[in-house]
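Enquirer: Below, each chain spelled out in residue letters.
There are 2 protein chains.
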Amino acid sequence: MTLDAGKKADILERLLPSGFSFKGSGTAYAPSNIALSKYWGKRDAALNLPCNSSLSISLGAWGSKTTIDQSSTSQDEIFFNQVKLEDTDPQALKILAHVDLFRRTQNIPLRIVTSNSIPTAAGLASSASGFAALTLALDRALGLGLSTNVLSMMARFGSGSAARSLWHGFVKWERGIAPDGTDSVGHPVDVSWPELRIAIVPVDTAPKKFSSRDGMTHTLATSPLFQAWPDQAENDCTEIEAAVRARDLRKLGALAESNALAMHATMMAARPSLNYLTPDSWQVLTRLWAAREEGLAAYATMDAGANVKLLFEARDSDSIQTLFPNATVIAPFDNPPEL
Amino acid sequence: MTLDAGKKADILERLLPSGFSFKGSGTAYAPSNIALSKYWGKRDAALNLPCNSSLSISLGAWGSKTTIDQSSTSQDEIFFNQVKLEDTDPQALKILAHVDLFRRTQNIPLRIVTSNSIPTAAGLASSASGFAALTLALDRALGLGLSTNVLSMMARFGSGSAARSLWHGFVKWERGIAPDGTDSVGHPVDVSWPELRIAIVPVDTAPKKFSSRDGMTHTLATSPLFQAWPDQAENDCTEIEAAVRARDLRKLGALAESNALAMHATMMAARPSLNYLTPDSWQVLTRLWAAREEGLAAYATMDAGANVKLLFEARDSDSIQTLFPNATVIAPFDNPPEL
Chain A
0 MTLDAGKKAD
10 ILERLLPSGF
20 SFKGSGTAYA
30 PSNIALSKYW
40 GKRDAALNLP
50 CNSSLSISLG
60 AWGSKTTIDQ
70 SSTSQDEIFF
80 NQVKLEDTDP
90 QALKILAHVD
100 LFRRTQNIPL
110 RIVTSNSIPT
120 AAGLASSASG
130 FAALTLALDR
140 ALGLGLSTNV
150 LSMMARFGSG
160 SAARSLWHGF
170 VKWERGIAPD
180 GTDSVGHPVD
190 VSWPELRIAI
200 VPVDTAPKKF
210 SSRDGMTHTL
220 ATSPLFQAWP
230 DQAENDCTEI
240 EAAVRARDLR
250 KLGALAESNA
260 LAMHATMMAA
270 RPSLNYLTPD
280 SWQVLTRLWA
290 AREEGLAAYA
300 TMDAGANVKL
310 LFEARDSDSI
320 QTLFPNATVI
330 APFDNPPEL
Chain B
0 MTLDAGKKAD
10 ILERLLPSGF
20 SFKGSGTAYA
30 PSNIALSKYW
40 GKRDAALNLP
50 CNSSLSISLG
60 AWGSKTTIDQ
70 SSTSQDEIFF
80 NQVKLEDTDP
90 QALKILAHVD
100 LFRRTQNIPL
110 RIVTSNSIPT
120 AAGLASSASG
130 FAALTLALDR
140 ALGLGLSTNV
150 LSMMARFGSG
160 SAARSLWHGF
170 VKWERGIAPD
180 GTDSVGHPVD
190 VSWPELRIAI
200 VPVDTAPKKF
210 SSRDGMTHTL
220 ATSPLFQAWP
230 DQAENDCTEI
240 EAAVRARDLR
250 KLGALAESNA
260 LAMHATMMAA
270 RPSLNYLTPD
280 SWQVLTRLWA
290 AREEGLAAYA
300 TMDAGANVKL
310 LFEARDSDSI
320 QTLFPNATVI
330 APFDNPPEL
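Protein chains in written order, with numbering that gives the first Met the number 0: chain A, 0 to 338; chain B, 0 to 338.
I should point out that these hints are in silico values taken from the structure, not numbers from a laboratory. Any given hint could be a false lead.
Repeated chains share a single entry, so a pair holds when one copy, or any two copies, can fit it.
List time: in silico DMTMM-like cross-link candidates among lysine to aspartate or glutamate, alpha-carbon distance up to 25 Å [said to hold, decoys possible]:
1) K207 x E194
2) K250 x D333
3) K6 x D189
4) K208 x E293
5) K207 x E292
Model the full structure from these sequences, guided by the hints.
Expert: Structural data, given as structure tokens:
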């Protein structure tokens with residue numbers, strides 16, 4: 000057992016029921032999410048504890064569905080989008096490490112089938128929805144009956160942003176202050192905003208060369224500007240939550256865009272410089288800003304990749320599609336699948 | 000007299016000789032300069048006092064030459080690159096405000112003729128060399144015999160970076176600690192590095208929309224990341240001076256590039272975001288970084304504009320010209336004009 004897994008296991012020993020009864024099967028769906036107030040920087044890398052709170056919008060029907068059954072062989076079997084993963088596949092190893100947190104000492108070979116509804120062309124990572132769906136499916140299959148707080152914490156172990164993928168709509172992931180991170184969990188922000196739209200403008204859909212995890216580590220270790228980030232991000236998150244509750248798009252958009260650019264600025268100042276944004280990303284931003292000067296109420300946010308995500312309301316969908324013909328528009332509140 | 004001019008006048012009252020005898024004429028040349036360790040942020044906007052020290056390389060034959068004579072009329076006359084400026088021209092007003100700091104209560108109409116040897120296509124601002132040459136020419140024409148410290152301080156009143164344009168080669172502008180800024184002056188760093196080359200890669204040579212002065216004010220007032228800049232910039236300046244003294248291109252280049260990117264990161268995080276770098280600037284950087292991965296020892300620095308400046312040694316001039324055919328290569332130590 001690695002040191003990281005040991006640290007998690009100690010916490011789980013306290014929070015999971017001592018035994019469980021395998022239900023035979025469990026299925027769960029979890030949506031992908033886009034942070035409007037970003038998570039960047041871990042205060043504990045083993046537990047994925049963040050330096051600051053974050054707030055996201057879930058992407059409705061864009062997400063992951065995972066079904067867990069007992070394996071028909073003595074081995075674990077993992078299928079991802081209908082393809083069986085090799086035992087040595089890095090994705091398979093991460094999934095099994097996560098499953099082992101729940102399964103612990105019991106020897107129950109599982110068949111884990113995940114399908115992802117996020118279009119590959121969107122270039123969105125599926126780790127958030129993937130680990131959230133896996134966590135929920137494990138809870139159901141193993142009959143654990145975990146609280147949402149513990150589920151969110153478990154999902155966080157797989158991928159930080161998975162802590163926010165257990166709900167539809169807006170979700171806030173509280174930074175927390177406990178060293179074991181038991182208070183660093185997500186909770187829904189109860190606001191319905193049916194007119195809200197998200198567009199994904201694909202810039203570069205190739206897998207990223209530098210993972211978010213490595214990017215955070217490098218930024219924390221070398222960026223002289225990072226020291227100012229955690230406090231600012233915490234303030235932003237509070238103000239962004241207020242803008243969400245007020246359903247004030249202009250306020251929310253301006254804050255979310257500034258927050259994202261500040262995050263990328265901390266990376267740009269890392270040594271050597273880390274730039275997920277490419278010249279084409281800047282081209283999208285330049286075009287957006289020109290349109291906004293003309294009155295379009297649309298705002299950008301960017302994660303650890305080159306793609307640009309836009310925030311606007313339904314009445315501007317046509318303008319966005321004209322401006323960015325290759326964009327995909329998502330209506331987060333439109334008939335989201337059952338969780 | 001404006002408040003700013005009053006603040007300067009008080010200082011000059013102490014530092015300039017009480018009277019002077021007009022010599023009839025004075026001529027001076029001053030080079031443009033590029034900061035390898037950037038000046039960004041004023042701790043006193045009226046006196047152009049910086050938040051941090053900076054270090055530059057002068058551009059040899061690229062600069063400004065100014066000749067001052069008594070005007071043949073009762074009015075001041077200002078010529079810039081053979082064109083007579085209107086009395087209401089903003090550039091003329093700035094020049095006359097600077098001249099008045101020296102001329103004070105005496106009524107001596109002057110003819111001020113400046114020519115600029117910086118190719119317009121390079122898109123380099125000429126305010127640093129312009130105010131340095133004007134300051135030196137005034138000292139000579141008015142027979143003031145000012146010390147280099149006072150000359151550098153006077154040049155700074157016209158444009159912060161002009162404090163560094165009074166010498167060829169490397170120049171350090173000390174931040175200083177005195178409230179009146181009398182210790183915030185430039186001095187040469189005595190290092191000869193004949194193989195050093197600077198290339199200007201022009202990206203956008205149109206006049207910038209947002210002056211450096213306004214950019215600094217906006218960044219200080221709104222960028223949450225700026226708080227980390229002054230200390231980092233001061234450290235960078237010390238390390239960059241050491242790399243210059245060691246004539247260590249790789250060390251100097253990496254530091255100068257990181258320092259410039261950190262400066263731009265503080266602006267990118269301003270609210271709203273301030274981006275002098277355009278998608279084309281990022282394209283140049285991306286191409287440079289790819290070539291560096293292949294072994295090319297060239298490094299970038301960028302100021303408050305879209306152009307990219309490269310730092311390398313003579314042996315790589317051909318590679319640079321192949322990579323960036325529209326670049327202009329400068330040899331800073333090659334037969335610089337007399338100052």
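Enquirer: So, for every hint listed, does it hold in this structure?
Expert: Verification of the hints:
{"no.": "1", "hint": "K207 x E194", "result": "neither (32 Å within a copy, 38 Å between copies)"}
{"no.": "2", "hint": "K250 x D333", "result": "within (23 Å within a copy, 55 Å between copies)"}
{"no.": "3", "hint": "K6 x D189", "result": "neither (33 Å within a copy, 56 Å between copies)"}
{"no.": "4", "hint": "K208 x E293", "result": "between (36 Å within a copy, 17 Å between copies)"}
{"no.": "5", "hint": "K207 x E292", "result": "between (32 Å within a copy, 18 Å between copies)"}
Comparing the model with each earlier hint shows violations of hints 1, 3; every other hint is respected.
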